[in-house]
Amino acid sequence: MANLKSLRNRIRSVKNTRQITKAMKMVSAAKLRRSQERAQSARPYSQHIRRMIGALAAQVDPQSGPALMVPAKGKRVELVMFTADRGLCGSFNSAVIRAVRSKVASLEESGHTVTVTCVGRKGHDVLKRQLKSRVRRVHTGLTKNLTFERADAVVTSHLLADFANGEFDVCILVYNTFKSALSIELTWKQVIPMTVDTREEVRGGAPEYEPEESDVLAELLPHGVSVQVFHALVESDASEQGARMTAMDNAVRNAGDMIRKLGIKYNRTRQAAITTELMEIIGGAESLKG
Amino acid sequence: MAATFQLDVVTPERLVISGKASYVSAPGKDGRFGVLPGHTPFVSLLTAGELTITMQGEGAEQHVALSSGYVEVTNERVTVLVQRALEKSQINREEAVREEKEATAKLAGIPQGGLEAVTWSKRCDFAKICLQIAQLPN
Chain A
1 MANLKSLRNR
11 IRSVKNTRQI
21 TKAMKMVSAA
31 KLRRSQERAQ
41 SARPYSQHIR
51 RMIGALAAQV
61 DPQSGPALMV
71 PAKGKRVELV
81 MFTADRGLCG
91 SFNSAVIRAV
101 RSKVASLEES
111 GHTVTVTCVG
121 RKGHDVLKRQ
131 LKSRVRRVHT
141 GLTKNLTFER
151 ADAVVTSHLL
161 ADFANGEFDV
171 CILVYNTFKS
181 ALSIELTWKQ
191 VIPMTVDTRE
201 EVRGGAPEYE
211 PEESDVLAEL
221 LPHGVSVQVF
231 HALVESDASE
241 QGARMTAMDN
251 AVRNAGDMIR
261 KLGIKYNRTR
271 QAAITTELME
281 IIGGAESLKG
Chain B
1001 MAATFQLDVV
1011 TPERLVISGK
1021 ASYVSAPGKD
1031 GRFGVLPGHT
1041 PFVSLLTAGE
1051 LTITMQGEGA
1061 EQHVALSSGY
1071 VEVTNERVTV
1081 LVQRALEKSQ
1091 INREEAVREE
1101 KEATAKLAGI
1111 PQGGLEAVTW
1121 SKRCDFAKIC
1131 LQIAQLPN
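Chains as they are written, first to last, in this note's numbering: chain A, 1 to 290; chain B, 1001 to 1138.
If a hint is listed, it holds; no wrong ones were tucked in.
Quick list of simulated restraints, FRET-style, between CB atoms:
#1 A:138 x B:1098: 26 to 34 Å
#2 A:108 x B:1020: 53 to 61 Å
#3 A:180 x B:1131: 40 to 48 Å
#4 A:166 x B:1109: 24 to 32 Å
#5 A:74 x B:1038: 45 to 53 Å
#6 B:1106 x A:185: 36 to 44 Å
Calculated from the structure, these hints are not laboratory results.
Even glycine gets a Cβ: it sits at the ideal position worked out from N, Cα and C.
So here's chain B without its partners, still in its complex pose (with noise of 0.2 Å):
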């Protein structure tokens, strides 16, 4: 069994993270679950939270924010595919709370359930995620 599986992240806009990874935790529809080398293959949903990354021969943790999106896990393969992803590194903490006051206004000021409450909720939580993650002790 390999040590290892190809990860990659992926975005509409852009391939994030690509590389050999030894174990994932992500975050699914139903619950959190990890994923170690020689994974049943499986396929589900996300919800937006924390990914978290342990790279081949890297001791340390790599935190990620994603929004909702899906994960297919293969034997040899991880690939997580979400509308948007930014490590712990890109994410800018000013921008975020922006963000968030402004999704959060908005969510306010329209009715519940239509389309454009879905987005701007969307919005809200990701932003969420990624205060919370900028947040954390490196």
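The shape of chain A in the complex, shown without the other chains (with noise of 0.2 Å):
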């Protein structure tokens, strides 16, 4: 039977993890509540231009526009995959990194040639080994003051530019879209080449473009990735924030039923030597009177 020191030192250190966690969990809502405004105020603006961009594709000739409309020929494949700098938030990376694994997986054995950028730390840390030098570029701590700007400068602009130099054709995002505290969805975004809704029906005719359609465009679909990644990070962000808090009130009520589980055992374990004790005295006595 173990002994009640043991115990004693189980029960304070159980007792101190559940105040960690419960800090990181205050931490976390704190955190969550930010995020979620950001990824709210970010919403009408990537909207405005996806409608813009829809408006514009439906009168220009994807064959003939941008490169970043044509239709894709070649087979090689960017994934972007946004995970969090930091653990300890259930399985909100381990989502995103099976995904990608078994992504990676298909396209290879289908004929396509696979490239990964990593946006957080913890997907290239557990990926690193299986995906080796398909890792193109690695992005880490943005998620600290995060601006429209940073995201556009870090993440967007070497994604454009690759592009521009033909190191891959299609580019698709991989990130947790937050639905709500307690649950975030695995998005999948395909943004090079652009697929834009060209059913967008322009309101009062058509607009006129100034300067030409075309110029318009072209300034306007580079800004359109930009949009949609800082849009993947916003959300990834809000999502990662989401997930820590979840996993870390589970955490709070775990180790508050641990607590009780060892303290039940610590008191039977106690009254148990109590009883031997007794025993032995009443022993003792009795055998003194015969």
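With the hints as a guide, bring the two chains together.
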């Protein structure tokens, strides 16, 4: 039977753990609120841009349009994987990592060449051994002070430059979309060539473009990629905080259960020790009598 | 014809202005233009510059510093999509001065035409415009 001292120590250590997880839960709850606000306030812009691109793309022949729109002919795929910089957030990272791993396998089976850009440290840590030279770039520390400018300068500018140099033909973003603190959804989004919804109706007749349609489109498309990358980052950040909060909430609850169980065990052990002692005393008294 | 239109100034990070306006003047790539209610629909590129707005029911003009972006005008709404936008009251002078200095210093140290240079020159332009607007009388 476990001795009392070691049980006492265990109870103390689990209590400490609970304290830490509780603090982490509070921190991520606060961060979640901020991230969520950011995700929400970023939405109108990306909707407007998408609508504009849709309306504009409807008037331009996709074959002769800018390269970012022409349907891909090549078989080189770039996956941009958005994970967290840190762990302890439940299945947040592993969901993305698992998805990327199987996607890479299935793409290579069908004869594609795959390269990967890792945004966030965790994804790269786990996959670097497996992906080896397929990893093209790694960007970390972006979600701290995330601004559109930084996202644009760090991630998108490289993507666009690599695409312009003909290093890949298709680019797909993989990230978690925030639904609620309890549910996140894995999202695949192809950004190059851009998939546009050309059914977008233009109200009040076709607008005039200034300068030419093709000039505006040539500026708007790279910007559209940038917007989507930023959107992915913001969503991923909000989901990360949500996932961490849920994970830490579970950890606090589990620690509580464990403390209760250990407490019962501790009391039983103590009682058993007392009973044994009593038995010995009574035994001793009895033998003196006889 | 409506006497106002819905005006939205949106950046990737937030909705800066949303409301009914009766006139805006914006820095188009091919020159400044003004929009009154009922304007023909058009889409234009914007350069960094000053956006002047007359909101409905207010006599005074509002001044907003814009970085480059797009404007979409339809019959009943004007949507300004830019990377950064600051209303006159939100401009912090010292910050703008600092930003301009930093950007100018960076620009001097890197080769022109590169990706980085474009980013920094955008920041420099924006800071200059902020300063110009901050100096306008109320």
